[in-house]
Amino acid sequence: MSDRKDIELIADLVPPGSRVLDLGCGTGELLAHLRDTRQCTGYGIEIDDANVLACTQRGVDVIQLNLEDGLAIFEDQSFDVVLQLSTLQHLRNTERMLQETARVGRVGIVSFPNFAHWPNRLQIAAGRMPVTRVLPYQWYDTPNIRVGTFKDFEVLAGKNGLRVREAFGIQGGRVVRTFPNLLASVAVFKFDRG
Amino acid sequence: MHFAEPLPLKSGAALRDYTLVYETYGTLNAARDNAVLVCHALNASHHVAGTYDGQPKSEGWWDNLVGPGKPLDTTKFFVIGINNPGSCFGSTGPMQVDPSTDQPYGAHFPVVTVEDWVDAQARLLDRLGITQLAAVLGGSLGGMQALSWSLRHPDRLRHCIAVATAPNLSAQNIAFNEVARRAIVTDPDFHGGHFYAYGTVPKRGLRVARMIGHITYLSDDSMEAKFGRSLKGEAFGYSTQDIEFEIESYLRYQGDKFSDYFDANTYLLITRALDYFDPAGEHGGDLTAAFAKARCKFQLVSFTTDWRFSPARSREIVKALLDNHLSVSYAEIDAPHGHDAFLLDDSRYHALLKQRFANIAAEVRA
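Chains A and B are the protein sequences, given in the same order. Residue numbering for the first sequence follows the working numbering, beginning at 1 and increasing consecutively. Residue numbering for the second sequence follows the working numbering, beginning at 1001 and increasing consecutively.
The set of hints was computed from the structure by calculation and includes no laboratory data. In this text, a Cβ means the ideal position worked out from N, Cα and C, and glycines have one as well. It is possible that some hints are incorrect.
Computed list of chain B residues with no C-beta within reach of chain A, every gap over 10 Å [unchecked claim]: (1) V1021; (2) R1123; (3) R1152; (4) F1176; (5) T1186; (6) S1222; (7) K1319; (8) A1331; (9) I1333.
Some chain B residues judged to face chain A by a derived CB distance under 7 Å, without partners named [stated by the list, open to error]: (10) S1327; (11) S1329; (12) Y1330; (13) E1332; (14) R1348; (15) L1352; (16) K1354; (17) Q1355; (18) R1356; (19) N1359.
Just need the whole structure built from these sequences, with the hints factored in.
Next comes the structure, spelled out in C-alpha cells:
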C-alpha cells in the first residue's frame, strides 16, 4: 500500500482527529499523512527494523511487535480506527487478527489484494497462478500466504458478526464501486462490530 | 557540587551535607533547553563519555553513544552525567565520612532509592539553571531513573529514553541480587559493613557478586559463542579448584577487576535500590495508574536475548503508556548479547537512537 493515491483514498475513510492504530504500518507514510492532513494521533505496529527506523525518521510513533503474537497490549475499543492495510494476507492467523482489529478499534479498515481481479482470473484460467503488479510473486516465494477475494472477505466479515460500513475496490488509483470483485486489484473494507 | 540542605529520602531518613560529582559535555544553549541527563546503572558513574587528559584508556562508560557526531551528539546537546549518592565514584557514599559521627558511613549510609537519586539529580539541575531537560536517557537501572523522572518531575523532561529496563524486578532478579549481597555480607573481611576501619576489603564477596551479575548480563548464546566449553589447557586437569574452562577464567578475571575498584557497601545499596523500584507499587500494582501523571514522550528499547530485563518487561511499560494515550515508540532489537547489548554499538540500536535524538534536536532547535 505504498501508492500515494491509494493511501489518500484510504485516508479519506478516517475521520479527522481520530486516534489511529496502523497494523503493519511499513514506513509510517499513512500515519504521517493522517497526522499532517487530518490531525490524527496514534501508533504504528511494525516488525521490520528498517521500517521502524523509517517511522522514527517521519516522527511517527511505532511499536515493534510481531502481529502474529496478537494485540494483547491494546485494550478493547481503545482506538477510533484500526487500519490493517496490505497486511492481512501475510498473517497465518488471519481470522483472529480480524477479530482483534474489531476488538481494539471502534472501526476497522482493511485492504488486501483482490485475487478475483479479472487478470488473475485469466491467468488462472490459462492454468497458471497469477503474477501481476499487485501480486508480483511466484507461487513458491509469495509472502501472501492468505489469498482471498473481495467476496470472500464479505463472507468472513459476516461470519465474525462484523458490519461492513463501506466497501470498494481500488484500481489504478481510482475507487471502483461497480463489480469491484472483478474490476479492482485491491479490496478495501471499513467495518465495525455492528 | 556540595549541597548543604538535607536531601529527604523515601525511607524517611535524610542525607545531609552531601556532594555530587558530575560531568558535562557540549554546551548549554541560550534557551537552556538542549540538556540531556544520562543516568548510570549499577557499576558506572558520572564519567559517561570522552577520556581524561593523558589517560587514553579512560573512555566513559557510554562513549560509543555519547560524543561529537555520535547518536547523542554533544555538538548539539549539553549532556550531563551525575554520580548518584551512595555510589563510589566521588559523590557522597558509604566510604565517606558521616558528618554526624566523623567515621565513614559504612553500613550506616542511608538506604537510597531510584526516586531519591532522581530528586538529587533534579536539585543539581536546579543549580545549573536547567528547568526542563530535552531528554533523560538511561539503560537498565539508568532506565528506571529515566522512567522515574517522568513520574516525579513530569514537566521537567520532554523525552524519556529507557533502554533494557523493567517496571520492577522479578523474584528471579531479586534472587540474583540477594545471592550477590550474601556473598559480600558473609565475607569475613566485610565486618558488618565497617571494613574501612579494619583496613580490609571484602574482595572475595565482591568477586562472587560480580561473577553472578556477569552471568545475568550475557545471553546463553553469546556465552556459548564466546567461550563454549573451551579449556584453558590442552585437556582436563582433573582438579576441582583450578581454573579449567575459559568461562571460569573470564568470570574470575571480571570478579578480580571489579573487586579492585568497587565498594562493597555501594553494591548492597544499589542492588537494594533495584529491588525497591516499583512505581506501580503505590497504585496497587497498576502500572497504568502509575503512569497517569507522565507527560513526556517515550522511547523504549529492549533486546531479544536480554533475560535479565526481557522484552516482555519493556512491553509492560509500553502498555501502561498506551493506556494513558502517551506518545511512545518501542524498538525490540534482535541482538545476541543479552542485557549487555545496551552498552554495545549494535547498528540498528544506534541508528534508531541517533534518529530519535536528531528529532529531539530539531524540536529544541539545537
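Notebook entry, point to check: Which hints, by number, does the structure contradict?
Noted result: When the structure is compared with the hints, numbers 7, 8, 9 and 16 turn out to be violated.
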